[in-house]
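**Q** Could you put together the complete structure from these sequences and hints?
Using the numbering used here, read the sequence shown as starting at 275 and increasing by one per residue.
Everything labelled a hint here was simulated from the structure, so no lab data went into it. Errors might be hidden in some of the hints.
Derived EDC-like pairs (lysine to aspartate or glutamate); straight-line CA-CA distance at most 20 Å [as the list claims (entries may be wrong)]:
id : residue 1 : residue 2
1  : K364      : E310
2  : K508      : E310
3  : K364      : E291
4  : K401      : D456
5  : K364      : D377
6  : K508      : D528
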Amino acid sequence: MPGSEVRPSASDLGVPEAFLGIAAANLRAAERRQLEVLLSLWDTRVLTMAGGGGFRRFHDLSQEIRERVLLSWCDSRLPQRRAAFQALRKAATALASMLPAADGRNPLWDSIGYPGPPGRVADASPKEIQPHTVDRETTLDCDVCVVGSGAGGGTAAAVLADAGLDVVVLEAGDYLDDGDFDGAELDGYSRLYLGAAALATADQSVGLYAGACLGGGTVVNFTTAFRTPQDIRKEWAGHGVGAMTSDDYTASLDAVWDRLGVTTDHSRPSRREQVMQQGLETLGWHVDLMPRNVRDCDEAVCGYCPFGCLAGAKQSTTKTWLVDAYRRGARILVRTRAERVVVENGQARGVEARTSAGHRVTVRARAVVVAAGAINTPALLRRSGLQNENIGRHLRLHPVTGVAGVFEEEIRPWEGMMQAVYSDELADLHAGYGMKLESGPFHPSVL
Numbered sequence: 275m276p277g278s279e280v281r282p283s284a285s286d287l288g289v290p291e292a293f294l295g296i297a298a299a300n301l302r303a304a305e306r307r308q309l310e311v312l313l314s315l316w317d318t319r320v321l322t323m324a325g326g327g328g329f330r331r332f333h334d335l336s337q338e339i340r341e342r343v344l345l346s347w348c349d350s351r352l353p354q355r356r357a358a359f360q361a362l363r364k365a366a367t368a369l370a371s372m373l374p375a376a377d378g379r380n381p382l383w384d385s386i387g388y389p390g391p392p393g394r395v396a397d398a399s400p401k402e403i404q405p406h407t408v409d410r411e412t413t414l415d416c417d418v419c420v421v422g423s424g425a426g427g428g429t430a431a432a433v434l435a436d437a438g439l440d441v442v443v444l445e446a447g448d449y450l451d452d453g454d455f456d457g458a459e460l461d462g463y464s465r466l467y468l469g470a471a472a473l474a475t476a477d478q479s480v481g482l483y484a485g486a487c488l489g490g491g492t493v494v495n496f497t498t499a500f501r502t503p504q505d506i507r508k509e510w511a512g513h514g515v516g517a518m519t520s521d522d523y524t525a526s527l528d529a530v531w532d533r534l535g536v537t538t539d540h541s542r543p544s545r546r547e548q549v550m551q552q553g554l555e556t557l558g559w560h561v562d563l564m565p566r567n568v569r570d571c572d573e574a575v576c577g578y579c580p581f582g583c584l585a586g587a588k589q590s591t592t593k594t595w596l597v598d599a600y601r602r603g604a605r606i607l608v609r610t611r612a613e614r615v616v617v618e619n620g621q622a623r624g625v626e627a628r629t630s631a632g633h634r635v636t637v638r639a640r641a642v643v644v645a646a647g648a649i650n651t652p653a654l655l656r657r658s659g660l661q662n663e664n665i666g667r668h669l670r671l672h673p674v675t676g677v678a679g680v681f682e683e684e685i686r687p688w689e690g691m692m693q694a695v696y697s698d699e700l701a702d703l704h705a706g707y708g709m710k711l712e713s714g715p716f717h718p719s720v721l
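**A** Shown next, in the form of structure tokens:
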């Protein structure tokens, strides 16, 4: 990505160094080896010739021919080439739009009217949880060990602790709260997301966003709170989970909604969403306010909430269920990665873990709840020696694709509520499946 008289190049911004740092910290060993091979071959004559650039090194090519070579990889019939192109493209363009220059601002921001991150809140509320400290090899005894602290693990920890059980929660990520957030994309992605938000399928065709901090995905999600649809409840019941259509399940939903404060009271459409709403109404399509799990939401900084809620309004598990569990005596360990579930005679009897400082932690428990997310839960079960052929299979993602438009008026897509309106007009296209139409805040790395 070349520079100009008014814009530094990607190299000037430090994109190569940042890219290698993120790769070293987040890629698996096999992925790092693949990247090393790709980069070692990139500036060879053979690779350039394969892309239609002639028998020259890549750095000797003109800008026009470089672009032609890259586009040939983008449109290649070989999936490996397409995957390599997408990986490099995503990393280069995202980092070039996020990394600050010497003055602390990215030069791209001024050209699109982006104000930059709002910075940390001076009067942020103090943290409500004091994590359990481990500074040496440690063994803990408890009734239940919960691996993961997001929507599943956090809720389970609270319910179990409320029942009088001794609970230990293991979280691989850090504990970050209102005063730790500054609204910056790169900082948020690096500290709050699994793989620094660079995780993707093997062919790079689908990006995978997952939380990687205390509170998991509940810290970074868009606060959208829909109840499990009736059609889905009936489908799951048809697969043998009869409780899904029971009154008890409905009561559980009610309890969750109450604890998270789900309402439409803080669903004020921004100009970005007003445009979508006007279009839906013009078509005569369904449109309604978005139910959200927030309290006293501040519209001024809400669009930066994917990088942590600066206002402390988002009702993540670090504001709700984990606080409940902590107040009832649960011990919560952060920066502690579960390595293996200990299984004895077919029963889970504990967890072996290790802190980021290298200290081994052994948790002995009567039961184990594994709620490490759709990506890491099957990986942990495999590492634990479990052999069920379904572990790691049948993964279902929450697919999202975006559509952008050009308007005569200025619309700042990072402003206003994250999501305030939605449409179910296309929600049932086939057998109860379809899509919801929503809007969301967009920042430079996405634009």
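**Q** Indicate, hint by hint, whether the structure satisfies it.
**A** Hints and how they fare:
For the given pair, K364 sits about 17 Å from E310 by alpha-carbon distance, which is consistent with the 20 Å threshold. Between K508 and E310 the alpha-carbon distance is near 49 Å, which puts this suggested pair outside the 20 Å criterion. A distance of roughly 15 Å separates the Cα atoms of K364 and E291; the hinted pair therefore holds under the 20 Å criterion. For the given pair, K401 sits about 16 Å from D456 by alpha-carbon distance, which is consistent with the 20 Å threshold.
Straight-line distance between C-alpha atoms of K364 and D377 comes to about 25 Å, which puts the hinted pair past the 20 Å bound. Pair hint K508 plus D528 holds up; C-alpha atoms about 18 Å apart against a cutoff of 20 Å.
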